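**Student:** The residues making up each chain are set out below.
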Amino acid sequence: MKPFTYARPSTVADALAMVAEVPGARFLAGGTNLVDLMKLQIEQPTHLVDVSRLPLGQVEETAEGGLRLGATTTNSQVAADARVRVRYPALAQAILAGASGQLRNKATTAGNLLQRTRCAYFYDTTKPCNKREPGAGCAAIGGIYANTAIFGASQACIATHPSDMAVALSALDAQVEVTGQNGQARAVALDDLHRLPGETPQIETSLQPGELITAVVLPPPPLGGQIYRKVRERASYAFAIGAVAVAGGKVALGAVAHKPWRAKAAEQALAKGANPAEAMAAEMTGARSDGHNDFKVKLMGRLGAACLTSTAGAGSDQ
Amino acid sequence: MSSVKDWAAPTPISENRSGLIGKGVNRYEGRLKVTGTAPFAYEVEAPSPPAYGVLIPASIARGVVTSADVSQAKSAPGVLLVWSPDTVPAQGERGARINPRSQRGSNPALAARVEHFGQHVGFVVADTLENAKAAAALVRFTYDSVPADLIFEDCLDKAEDPEGEEDVRIGDFEAAYAKAPVRLDASYVSPLQNHAQMEPCATTAWWDGDQVTVHTSIQMVKGGQHTLAETLMIPSTQVRLLTRYIGGGFGGKGQSYDDLTLAALAARELGQPVKVAYTRQQMFQATIHRPAVQMRVRLGAQADGRLDAFALEAVTHCRREAPFTEHAANFARSLYAAPNRLTGHRLVKLDIPAAGAMRAPGEASGMLSLECAMDELAEQLGLDPIELRLRNEPETDPETGKPFSTRQLVRCMTEGAQRFGWDRRNPKPGQVRDGRWLVGLGMAAAIRGNFLLPAKAGVRIDADGTLTLRQGMTDIGTGTYTILAQITAETLGVPLSQVKVELGDSDFPPAPGSGGQFGAATAGSAAFAAGMNLRRALAELATGDPNSPLYGDDPELVTFGGGNIAVDNRAEPLDVLVARAAPEGVYVEGSITPAADARDYSQHTYGAHFAEVGVDPDTGEVRLRRMFGVFAAGRILNAKTAMSQITGGMIWGVGTALHEYNAVDPRYGSFIAQDLAGYHVPAHADIANLSAMFLDEVDDKANPMGIKGVGELGIAGAGAAIANAVYNACGARIRDYPLTPEKVLAALP
Numbered sequence: 005m006k007p008f009t010y011a012r013p014s015t016v017a018d019a020l021a022m023v024a025e026v027p028g029a030r031f032l033a034g035g036t037n038l039v040d041l042m043k044l045q046i047e048q049p050t051h052l053v054d055v056s057r058l059p060l061g062q063v064e065e066t067a068e069g070g071l072r073l074g075a076t077t078t079n080s081q082v083a084a085d086a087r088v089r090v091r092y093p094a095l096a097q098a099i100l101a102g103a104s105g106q107l108r109n110k111a112t113t114a115g116n117l118l119q120r121t122r123c124a125y126f127y128d129t130t131k132p133c134n135k136r137e138p139g140a141g142c143a144a145i146g147g148i149y150a151n152t153a154i155f156g157a158s159q160a161c162i163a164t165h166p167s168d169m170a171v172a173l174s175a176l177d178a179q180v181e182v183t184g185q186n187g188q189a190r191a192v193a194l195d196d197l198h199r200l201p202g203e204t205p206q207i208e209t210s211l212q213p214g215e216l217i218t219a220v221v222l223p224p225p226p227l228g229g230q231i232y233r234k235v236r237e238r239a240s241y242a243f244a245i246g247a248v249a250v251a252g253g254k255v256a257l258g259a260v261a262h263k264p265w266r267a268k269a270a271e272q273a274l275a276k277g278a279n280p281a282e283a284m285a286a287e288m289t290g291a292r293s294d295g296h297n298d299f300k301v302k303l304m305g306r307l308g309a310a311c312l313t314s315t316a317g318a319g320s321d322q
Numbered sequence: 022m023s024s025v026k027d028w029a030a031p032t033p034i035s036e037n038r039s040g041l042i043g044k045g046v047n048r049y050e051g052r053l054k055v056t057g058t059a060p061f062a063y064e065v066e067a068p069s070p071p072a073y074g075v076l077i078p079a080s081i082a083r084g085v086v087t088s089a090d091v092s093q094a095k096s097a098p099g100v101l102l103v104w105s106p107d108t109v110p111a112q113g114e115r116g117a118r119i120n121p122r123s124q125r126g127s128n129p130a131l132a133a134r135v136e137h138f139g140q141h142v143g144f145v146v147a148d149t150l151e152n153a154k155a156a157a158a159l160v161r162f163t164y165d166s167v168p169a170d171l172i173f174e175d176c177l178d179k180a181e182d183p184e185g186e187e188d189v190r191i192g193d194f195e196a197a198y199a200k201a202p203v204r205l206d207a208s209y210v211s212p213l214q215n216h217a218q219m220e221p222c223a224t225t226a227w228w229d230g231d232q233v234t235v236h237t238s239i240q241m242v243k244g245g246q247h248t249l250a251e252t253l254m255i256p257s258t259q260v261r262l263l264t265r266y267i268g269g270g271f272g273g274k275g276q277s278y279d280d281l282t283l284a285a286l287a288a289r290e291l292g293q294p295v296k297v298a299y300t301r302q303q304m305f306q307a308t309i310h311r312p313a314v315q316m317r318v319r320l321g322a323q324a325d326g327r328l329d330a331f332a333l334e335a336v337t338h339c340r341r342e343a344p345f346t347e348h349a350a351n352f353a354r355s356l357y358a359a360p361n362r363l364t365g366h367r368l369v370k371l372d373i374p375a376a377g378a379m380r381a382p383g384e385a386s387g388m389l390s391l392e393c394a395m396d397e398l399a400e401q402l403g404l405d406p407i408e409l410r411l412r413n414e415p416e417t418d419p420e421t422g423k424p425f426s427t428r429q430l431v432r433c434m435t436e437g438a439q440r441f442g443w444d445r446r447n448p449k450p451g452q453v454r455d456g457r458w459l460v461g462l463g464m465a466a467a468i469r470g471n472f473l474l475p476a477k478a479g480v481r482i483d484a485d486g487t488l489t490l491r492q493g494m495t496d497i498g499t500g501t502y503t504i505l506a507q508i509t510a511e512t513l514g515v516p517l518s519q520v521k522v523e524l525g526d527s528d529f530p531p532a533p534g535s536g537g538q539f540g541a542a543t544a545g546s547a548a549f550a551a552g553m554n555l556r557r558a559l560a561e562l563a564t565g566d567p568n569s570p571l572y573g574d575d576p577e578l579v580t581f582g583g584g585n586i587a588v589d590n591r592a593e594p595l596d597v598l599v600a601r602a603a604p605e606g607v608y609v610e611g612s613i614t615p616a617a618d619a620r621d622y623s624q625h626t627y628g629a630h631f632a633e634v635g636v637d638p639d640t641g642e643v644r645l646r647r648m649f650g651v652f653a654a655g656r657i658l659n660a661k662t663a664m665s666q667i668t669g670g671m672i673w674g675v676g677t678a679l680h681e682y683n684a685v686d687p688r689y690g691s692f693i694a695q696d697l698a699g700y701h702v703p704a705h706a707d708i709a710n711l712s713a714m715f716l717d718e719v720d721d722k723a724n725p726m727g728i729k730g731v732g733e734l735g736i737a738g739a740g741a742a743i744a745n746a747v748y749n750a751c752g753a754r755i756r757d758y759p760l761t762p763e764k765v766l767a768a769l770p
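Chains as they are written, first to last, in this note's numbering: chain A, 5 to 322; chain B, 22 to 770.
If we strip away everything but chain A, and leave its shape as in the complex, we get (with noise of 0.2 Å):
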């Protein structure tokens, strides 16, 4: 780990100034993600902000009849929320399917959805990695970790983004609530904020340099049945190597790509009346595996129909 400075201020507005005022400097909640890519010197922050005491940490009710998360709320504290449990049970399945009750209680709503993938060659430092280190390459193309994208993947970043409860909160279309060095808010859809590799797989969300996750807005419920499946290697603490959130007709993929994967060629073809082994059938004709991979495509066709399928009847099923 690499010395650096270290600020903790009480609001918004001091957060997004004494980032601003610093090169290099981050802003650090959990830390649960961050500290342990620092400690691989893979981050290196000169300077890092604390926004873990700022007023965020609340979830409340929207005008609309959805919930807002406060960026600080911790992993925990949402999937415990009752209104979260009943309103919303694939963002609660989701949370409690990630990381271990420790990390859960120290990690953040904006933190994970700012984690970075857990690609074994970007946490390799003597591989390559566009990542890491832009236009270096990338190691895990042609490599034989398996845990790698299936759909959306560039010449450039095969990786895919590593988080549970992300994958809910798209099916569950939420919104994210940005604050910028302006103190103007705007609100990104959180199929908006993380983004395809493409040519820059460095960066991997919508945000502007400086700016500041405050919230995640969830609107209301929708009708039907909501599950969240996780395949893993272990029944403890592990990645995913395949997941599906279902919420309503909304349908999301984790571990196949560098975001949370909306699952629209399914969604379309249930809209049409495809049953929903025709449906997962319809999105898998878009995915691209590798010979490592290839069982990702078998995977999560098999797991995203039985995830409809369970959750056809209406209310919610697991």
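Quick caveat, the hints were computed from the structure, so don't treat them as lab data. Watch out, some of these pointers could steer you wrong.
Unchecked claim - Computed beta-carbon distance windows for the label pairs: (1) B:Arg52 to A:Gly35: 44 to 52 Å; (2) A:Gly35 to B:Lys54: 42 to 50 Å; (3) B:Asp229 to A:Gly28: 42 to 50 Å; (4) B:Gly442 to A:Arg12: 44 to 52 Å; (5) B:Gln232 to A:Gln206: 31 to 39 Å; (6) B:Ala684 to A:Arg12: 41 to 49 Å.
The structure presented is a predicted model; accordingly, all values stated were derived computationally and were not measured. Built from N, CA and C at the ideal position, the CB exists for glycine as well.
Since the structure of chain A is provided, determine the placement of chain B on it from the hints.
**Tutor:** Okay, now just chain B, sitting in the frame of chain A:
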């Protein structure tokens, strides 16, 4: 030399008058560990402020370092020293002073010749760890690379006979196999595994004149001491090595590594204590591992299930210049009867880190094959898997004809079957559902050798009655401190609270350390011998002391109990005796050597595993639902620590079956998993319901206490029981471990 017959006589251990032997007493050092106050090697306080060393790994798999640019690193903040292959101090050749049984020499630190990716080629010491790490990132190396053999599966055609080893043949396997009416020929693959100990390799070193003191994390005290002395080209007497607490070894710390060498060299160079620890990534990349094994199993049976022909042929790998054979077929030589037998090993030499011992070397990977093959053969024959094993239960060792010292394999299987509810197993796969889960049951046998090595121990009693056992033994988290305290207390008839145990110091009477599940028997027998010698010394002291109520009694009639020394109803407390008659205390040593006729017996520990798994037909995920094991491993010294050892082994077996593997990147020679987020082992949610029991047993051919090892038995066969349960659940027979969702899904319809 002694005979096993000497070990059948009653002893304080077999009499167990105060009931300490077998009692599940808490760990001797448990409080220190759970409160974080047990000083592990890196946390040991040095006599003056230490400097911090950081190791720099090579980024090629095979070749030589042609240059090292250290100029930037040398001028970085806080840097005290930078070494590369051309500037590291001279190191002596290693190996001559190492006990070949328990130790292997490691290469010199920072060698210019690179033998695997991640071999250390640079070293930086600075005033802080952070400064050392930052400077290490500034060193630039150039290499001349040469082509490397990296992938086991791609190099099978290069397999050769291990030096000095031949296949073992009994009868005529080929002829019998050709004639057998029922045959099975199947190959199984188990992957490379890493030890992934919680505590990384670490050393704190300092010099006092020409004496070096090192606190390091190593399983074998003497091996580490001698290796370092050879490296430093000084007598072993000038090296004091301490290893008091060890956060997991599993065989991976049977040897020393570069942290020990470089901490000692740098502390000498700087005249200042130096601390060096491996990073998590270096633990994967620059220590030893369990090699992959490809095992071909051929079984030829009669229609009634009796085996006529039996062959296990293993191919495994080691580092090109570090010969090591994973003897994955050896266990089978004593397991099942069959008149025609073939077992042997082939070795592929690779340019990856060295292969070496890991918990139950041989059995842990080897049994994954045969114990599934028996399941497959049982199905072919229409027999229950236990019945097939019962029909092949040998009267004597099937290879040597020697009598078994004890063998309760049959009872382990039958008792386990009853308690587990084996009769509920539907022999037809894929028939049982629970919700969306397919449910199946599987079982496997377990066998693991038992060993006794030479060892010494010292015990003293002080005037306050405190007994202190001292031994150059290690406790790698297994419970050694605790059982030595129990043995000493029971032997001398004092409460546990009166016993201190001091381990892990090269100044203490030597023991071979922890490994091969020989630790408890070996160190314990020496401690017992020392205790018996102290009894004799105290009996002589009391009966020769005119002020003792035992004065003039026959020392042979003296008894010990309740903290007293007594003859008939005449007694006095030990502290009173010692304070009066030997106020400076009494110190004696004892030793154990293997009995001359110990090898006249086939001596093993045995068990049977039973597992119930669920398979998710949508995803191929396998989850353990419950697991039960029955084991026979001699007298049990501590019900709690023995149970932890045996269930810990079973849990590792679950990981072997379902989770654990590493793979080499063919472009670089590095491992793909380098941390505990990427390298999966079972954790709490994976082990919902797992338990075990020990059968009553005393093996009086094993050692004076009738105990055997339990540290490695639990993993032997465990993974095969899981794989058999997966087959029973869903009909997918996967012969390539671990059974990941990817592989199971591919095998599902």
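**Student:** If a hint holds in the structure, say so; if it does not, say that too.
**Tutor:** Results of checking the hints against the structure:
| no. | hint | in the structure |
| --- | --- | --- |
| 1 | B:Arg52 to A:Gly35: 44 to 52 Å | 31 Å, violated |
| 2 | A:Gly35 to B:Lys54: 42 to 50 Å | 27 Å, violated |
| 3 | B:Asp229 to A:Gly28: 42 to 50 Å | 45 Å, holds |
| 4 | B:Gly442 to A:Arg12: 44 to 52 Å | 58 Å, violated |
| 5 | B:Gln232 to A:Gln206: 31 to 39 Å | 53 Å, violated |
| 6 | B:Ala684 to A:Arg12: 41 to 49 Å | 43 Å, holds |
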